[in-house]
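**Q** Put chain L on the given structure of chain A with help from the hints.
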Amino acid sequence: MEYDNIELSDDEEEITAQTVLRTLQNAWQNERLAPEILPHQNEMVECMLGQIQHMERNINKLPKTDLRASIHKMELNRIKFIICNYLKTRLDKIEKYCISILNDEKQRLESGTNYLTPSEYKYAQEYLINMESHLKEAALDHVPGNMQSFDLNKLVIYPNLQAHVFLKANETVTGIILEDLGGDQDEEIDLEENSQHILQYKPIADLLKSGKVQLM
Amino acid sequence: MDPYEIEFIGENRIVNIIPNFSHDKIFLICGEFGPFRAGLPMNVPLWLGVMLKQKQKCRIVAPDWMDIEVLENIKEEEKKSRFFTKMPNEHYMVEAKLILGTAAEDKPRASEIKTIIKDIWDIRMSKLRTSMDALMKTGGSYGRLDHLTMMEINSVKPLLPQAMDELHRIKMNARKTMPVQSSLNSAVSQPGSSQSIL
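Top line first, the protein sequences correspond to chains A and L. Note that the numbering used here numbers the first sequence so that position 202 is 202, with each residue one more than the last. Position in the second sequence counted from 1, then plus 1000, gives you the numbering used here.
To be clear, the hints were calculated from the coordinates, so they are not data collected in a lab. C-beta: ideal position from N, C-alpha, C; glycine also. Any given hint could turn out to be false.
Below, computed lysine-lysine pairings styled on DSS-like, alpha-carbon distance capped at 25 Å [claimed, not checked]:
1. Lys202(A) with Lys1086(L)
2. Lys1157(L) with Lys202(A)
3. Lys1055(L) with Lys61(A)
4. Lys1075(L) with Lys1086(L)
5. Lys1157(L) with Lys88(A)
6. Lys1157(L) with Lys154(A)
7. Lys202(A) with Lys1171(L)
8. Lys96(A) with Lys209(A)
Some chain A residues close to chain L (C-beta under 7 Å, calculated; not the full set) [said to hold, decoys possible]:
9. Ala17
10. Gln162
11. Leu178
12. His197
13. Leu199
Residues from chain A that keep clear of chain L, each with C-beta distances beyond 10 Å, as calculated [to be verified]:
14. Glu105
15. Lys106
16. Asn146
Looking at chain A on its own, in the form it has when it is part of the complex (with noise of 0.2 Å):
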């Protein structure tokens, strides 16, 4: 049961499936970690559950008390419960702060720059009209006509940028900006390679999306 290198759709670039479980398990401790929802890791997890499919289709050619059937069952259930973990980590994220993503991802789409996958936009989409059906006819249709306007826009819910989060860089960065908020002297700190810290999410976040630095 030995696998070829995966060739991604994108892009001609070849990469081992162990890159892309690898990938796929910083991405999701990322997303776990990220207050914001993080640009979708798709091409892997298709990649990935392309991969789960295969070695399935094997597994069940092998004698039931096979050893390596066992083995194999074992890992592919890890993997897929980081694949399982890391989707519904993004639904959760989606359902929450599900007007502001909308609205940003809207911007994003203009520029070819979008976080969400085309099925999760959907989602996102439907959600937020099946909220909106079930506010008007839970409550605002009994309420008298002139009570009944309803604006989304106080609903909105955006997640804490500023919030603190744990981090490692995986590469020397330098001159991050930490905002001073008693003093006006804003202080500049680097990051060294392997280097931990905790400090705000936004003045970090391109980083993380960049992979330069993982969230801990």
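**A** Here is chain L on its own, set in the frame of chain A:
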């Protein structure tokens, strides 16, 4: 994250086992392992080692640092140092728990080793609490925490980040309500005063 998730991540670390069966190389998604030769040491991910151990198909070779003498030294260093010392392993607690939990009979004096590791953990946690206290008192919004392991960091969540979030919120409100009188505040958070909690 929940502790079991940190454990899950730690389970990907490589450990040395001695299988009692022979088998060809096995090609997993996370890499290839083997061939398995009865009696010959080899490397596998910790989760696989634990699984084989539970099926009584191997002995787990405890890592070099899981040794009373080495650990006593680490404990002394940790006591002496003001800062956190570098642990032999990023997931020392997870490895200790799983290896000594499932394969205690493979390691002589396992319970003494457990006690020392717990001591080291306690020393580090008390240091961490002191540092957190100092950090909050100086109104810091930034701290450096080299050499803390994921499990240790996780144990101060959500307390530390949320306390810092609250402090930030209070400062924001203070700035909004009294923009001129900020001198009171700046006394606690001079530039550069954000304390490193190392």
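**Q** CA of Lys1055(L) to CA of Lys61(A), is that 25 Å or under?
**A** 22 Å, holds
**Q** Would the hint on Gln162(A) stand, with a C-beta cut-off of 7 Å toward chain L?
**A** For Gln162(A), the interface hint holds, since the closest Cβ of chain L sits about 6 Å away, which is under 7 Å.
**Q** Checking one constraint from the list: CA of Lys96(A) to CA of Lys209(A), max 25 Å. Satisfied?
**A** 21 Å, holds
**Q** Does Leu199(A) pass the interface check with chain L, least Cβ-Cβ distance below 7 Å?
**A** 5 Å, holds
**Q** Do the alpha carbons of Lys1157(L) and Lys202(A) lie within 25 Å of each other, as the hint requires?
**A** 19 Å, holds
**Q** Under the criterion that the straight-line Cα-Cα distance not exceed 25 Å, is the pair Lys1157(L), Lys88(A) satisfied?
**A** 21 Å, holds
**Q** Over 10 Å to the closest beta carbon of chain L is the bar; see if Lys106(A) clears it.
**A** The claim holds: Lys106(A) sits with its nearest Cβ about 29 Å from chain L, beyond 10 Å.
**Q** Decide if the proposed pair is consistent with the structure: Lys1075(L) and Lys1086(L), CA atoms, cutoff 25 Å inclusive.
**A** Holds, at roughly 11 Å.
**Q** Is it correct that the beta-carbon of Glu105(A) has no partner in chain L closer than or equal to 10 Å?
**A** 26 Å, holds
**Q** Holds or violated: are the alpha carbons of Lys202(A) and Lys1086(L) at most 25 Å from each other?
**A** Violated, at roughly 29 Å.
**Q** Should the label of Asn146(A) as a non-interface residue stand, given a Cβ cut-off of 10 Å to chain L?
**A** Given that every Cβ of chain L is farther than 10 Å from that of Asn146(A), nearest at about 35 Å, it holds.
**Q** Does Lys154(A) lie within 25 Å of Lys1157(L) when you go C-alpha to C-alpha?
**A** 31 Å, violated
When each numbered hint is compared with the structure, violations occur for hints 1 and 6.
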